[in-house]
Structures are given as C-alpha cells and as structure tokens.
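Asker: Sequence:
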Amino acid sequence: MYFLASLKNKFQRSSLEDTSEHLFLGRQWKSMARLEKLAIILIALSPALYLGVRHWTTNLSVLAVLVVVYHLFQVRAKLRLMQIPYIRAIALVFIIYTAAIMISQLGRLSFTYKPYLEQARWVIGLPIFIFLYYVRINFAKILDWAAPICVFAAFVSSVYLDPSDAWGDRATVSFMDPLAFGFMNLSIGLMCFASVAVDIYKKNYTINTMVKLLAFVLGVYLSIRSGSRSGWAAFPIVILLVSYILYRPRLWQSLMFFLFTSAAMVVLYQTNSVIKARVDLVAFELLQYPWFGGMAQDTSVGLRVTFYRLGYYYFSHSPLFGWGERGYADIKDAAELLTFSTQYARDFAFGALFHSEWVTQSVHFGIFGLLGVFWVFWLPMRLFANFIKLGSDYLKVACMGFSYMICLLTASFSDEVFNYKAMIAFTAIIIAGLLATGLSLKGGVNESV
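For any residue, its number in the numbering used here is found by taking its place in the sequence shown, counting from 1, and adding 625.
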C-alpha cells in the first residue's frame, strides 16, 4: 500500500510540475465567459472529423472564427496585439497567400474572385491564434484527442460510411482524392507518433497514449492503402528527428538508431506489397525518364518531372506576377516544350495543376506565390525549433508541429497541399493553435479577455 501511495504521489507531482500537460495554462474553465467557452469548443471540434465528414472542418471553422472575431471585438480595448511575440511574422503566415493573389492580379491588371475562394481560408488562422494566445489553452492537449479521432473517422468513413469507388482499390472517401487522403492521414498519424514519443519520454502514460499509438498505426495504414506516395519520405525523417530532439543521442547512438530505422524501412518495404510496388515504380520510372533529351512518357513519376520542367518554363516568362490560373495559354504549347512533353502532359498541367505546391503557386502568382509557400512552411518550423530550446514543457508542441509540417513539406513537392478549403482551414487551425500554445505556455497573458 505504501508503494502504491508513493507511486500515486509521484505521478501527481509530475503532473503538477509539467505545465505542458495542463489543458488550461491560465484561467480555468469556470472563470471563462460563455463566448470563450463556445469558441474553444468549436475550435476543438473543427479538426476532429475533417477526414470523415464532408464539409465538417469548413463549416465549423467558419462558425468558430465568427464567434472568435465577435468576442475579440467585444474585448478589443484589452488586446495588446503588438506585445504578442512575432505577431507580424505570424500574421504574414495567414495572409501571405491571399496577398500573393492580390499582388499578382494588380500586376497583371486581371481580376477574378475564384483564387480567393480557397486561399482566403488561411485568414481564419489569425483571429484563432490571437484568441488562443490570450485565453491560454493548451492546443496540444486538444490535438491529443482530436487528431486520433480524425484518423479513426477517416478509417470508418473510407471503409464503411462514405468510401469512394472512383479510384479502384485505393482507399479514400468520396470527397477527397487518394493523394490528399494519404498524406493527410500520414501527417496526422505522425503528429500522434510525436505526442506518444513525448509521453514515453516524460513517462506520462495514459489511455490517451494508447489511443494515439493506435491512431499512428492506422494513419500509416491508411496512407499505404491510399496508394499515395506523397509524404512517405517524411516517415523516417520524423522518426529520426523526434528521437533526436527528445534523447539527443551521442554519435554512435545516433548511428545505431539510424541503422535500426533504415533496417525497419527495408523490412517494411520487403513485407508490404503495396509499398514495394509503389517504390519500385518510382525507381523504374526515374530510370526510364529521358534526362538527356527525348520525349518523356506520361507515367506517374514521368509526368511530375515534366510538370516541373513545364512550370519552370512558364514561370521564367512571367516571374514577377505569374500568369493566374490560365493566363499562359498563349505559350502553353511553345516549340521549346514540344521536344520533351506530350500534349496530354501540357493539357493536364493546364487543367489540373502541376502536382507541386511550389510549381503551381509560382506559375500562377509569380515570385510572391513562391515566397508564400516558403513562408508558410519556414516560419512555423523556425518557431517550433525555438520552442525546443526553451525546455521540456515545449517538447510536445514542437514535436507535433514539426511532424505535421515536415510531412506536408515532403508532400508539397509532389502534390498541391493547400488546394482545398477544408485542407487550408485544417492546417491554419493546427498552426495557429500550436504556435499560440508555444508562445503562451509560460508567462503569457493572465488578464481576462
């Protein structure tokens, strides 16, 4: 009995000392206004069924931001926005895509509302960031449950409730293509892995730890079942990076862990027929690509390489303001392009984008579009790196943020990762929530807003 009592006291002390395991970093639930409670509930629910229910995140995020904006307007006299660390740089994350569209259209004197319909969803992240920073809610704790629920919902929907039969045996739901379904499940699954790794590191084992571990495995499974290779390269990178952040192994330990991880990847490759077939196809098509001249075949990998070459040509002819979505029609079939690309490849890129976030944005909106992609990835990851240096309380926020962004980053080179309203809203909420938590974790703002 004495042993059990001492063990209980040990865990209670650990929980009290570890600020990062508290949901409320400032005021408690009872002291919050009703609008604050409603906004927190809506923000927490917004990511939960993103991959399982059509329009879930799109609609709930709009409701959440309306409540947040109304509340912030009511307490505007108490807000000290310029005292929030990095507020200008963070605000730019949520407006740079929309600004790139606006600058491009002004430079070309060609105006249309269509590009704003999706990319304007980034803007919801800014009021949500400000709100979460001031109320001091630990968004990582919300994601500890919302992220697994999202993966479980994806599984149930893709297998039972709303599967798509338009892609053969590739797993996805009716409202999402298998590429996006695959890398989003992997991104969320890797967030769950990062959270589990921090729990293990801190010896903070709960039922939630097991739930997140199951969600990680299920996220990887759904990514494989989708047949989407986008983001797969992030898997070993995240495993190694999170392990290094947490344990800071010596050189020989790092080498041993690298070899172990590499061996695990080889075993996975040899034992899973889907992975083996998809990876072998990449290697084969890369070797078959006419790198030194000749007509490229319209294979999965071959098309993506050709899209990069086409994108570079279009971008080089209008690097400052880009072309908009269809502005380069006059040079779409230029003579220089006929030597390596088929009509199908050029038509596909013209009608269905370039299968790369970087290429698509640079062709459509010029250098400002390219800078937009860079800033959306670089600034959050730079701040997550800063959090790591601040102590163990910041580890979960940093590791979860890194895991999500790295997977999206690797996927962004072979697909558009910010091309749908729900996907943009989901990512904006993740970035806003984790950055707000990291910046307000210690100190923060205690005054009621």
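One or more of the hints may lead you astray.
Claimed, not checked - The calculated label-pair distances, taken between Cβ atoms and stated as ranges, are: (1) Tyr830 to Ser735: 24 to 34 Å; (2) Trp1003 to Ser799: 30 to 40 Å; (3) Leu706 to Val891: 46 to 56 Å; (4) Leu706 to Met920: 26 to 36 Å; (5) Ala1010 to Leu884: 46 to 56 Å; (6) Tyr741 to Ala1010: 56 to 66 Å; (7) Ile832 to Ala714: 34 to 44 Å; (8) Met881 to Tyr937: 22 to 32 Å; (9) Met920 to Phe698: 15 to 25 Å; (10) Leu663 to Met890: 19 to 29 Å; (11) Tyr830 to Phe917: 30 to 40 Å; (12) Gln968 to Leu876: 36 to 46 Å; (13) Ala714 to Leu663: 24 to 34 Å.
Hint data in this document are derived by calculation from the structure and do not stem from the laboratory.
These figures come from a predicted structure and were not determined experimentally.
Glycine included, each C-beta is placed from N, C-alpha and C at the ideal position.
Asker: Determine for every hint whether it applies to the structure shown.
Answerer: Going through the hints against the structure:
The hinted window of 24 to 34 Å between tyrosine 830 and serine 735 is violated, with their beta carbons roughly 58 Å apart. Between tryptophan 1003 and serine 799, the C-beta spacing of about 35 Å keeps the proposed range 30 to 40 Å intact. At roughly 51 Å, the beta-carbon separation of leucine 706 and valine 891 lies within the given 46 to 56 Å, and the hint holds. A hinted range of 26 to 36 Å is violated for the C-beta pair leucine 706 and methionine 920, which are about 56 Å apart.
Between alanine 1010 and leucine 884, the C-beta spacing of about 26 Å breaks the proposed range 46 to 56 Å. Judged by the Cβ atoms, the range 56 to 66 Å given for tyrosine 741 and alanine 1010 is violated: they are separated by roughly 32 Å. Between isoleucine 832 and alanine 714 the C-beta distance comes to about 38 Å, which sits within the given range of 34 to 44 Å. In this structure the supplied range 22 to 32 Å is violated for methionine 881 paired with tyrosine 937, their Cβ-Cβ distance being about 41 Å.
The beta-carbon spacing between methionine 920 and phenylalanine 698, approximately 59 Å, falls outside the hinted interval of 15 to 25 Å. One distance hint, 19 to 29 Å for the beta-carbon pair leucine 663 and methionine 890, is violated here, with the actual separation near 45 Å. Separation of tyrosine 830 from phenylalanine 917 is about 56 Å and departs from the stated range, judged on CB atoms against 30 to 40 Å. Between glutamine 968 and leucine 876 the Cβ separation comes to about 53 Å, which falls outside the hinted range of 36 to 46 Å.
Checked against the hint of 24 to 34 Å, the pair alanine 714 and leucine 663 passes, with Cβ atoms roughly 29 Å apart.
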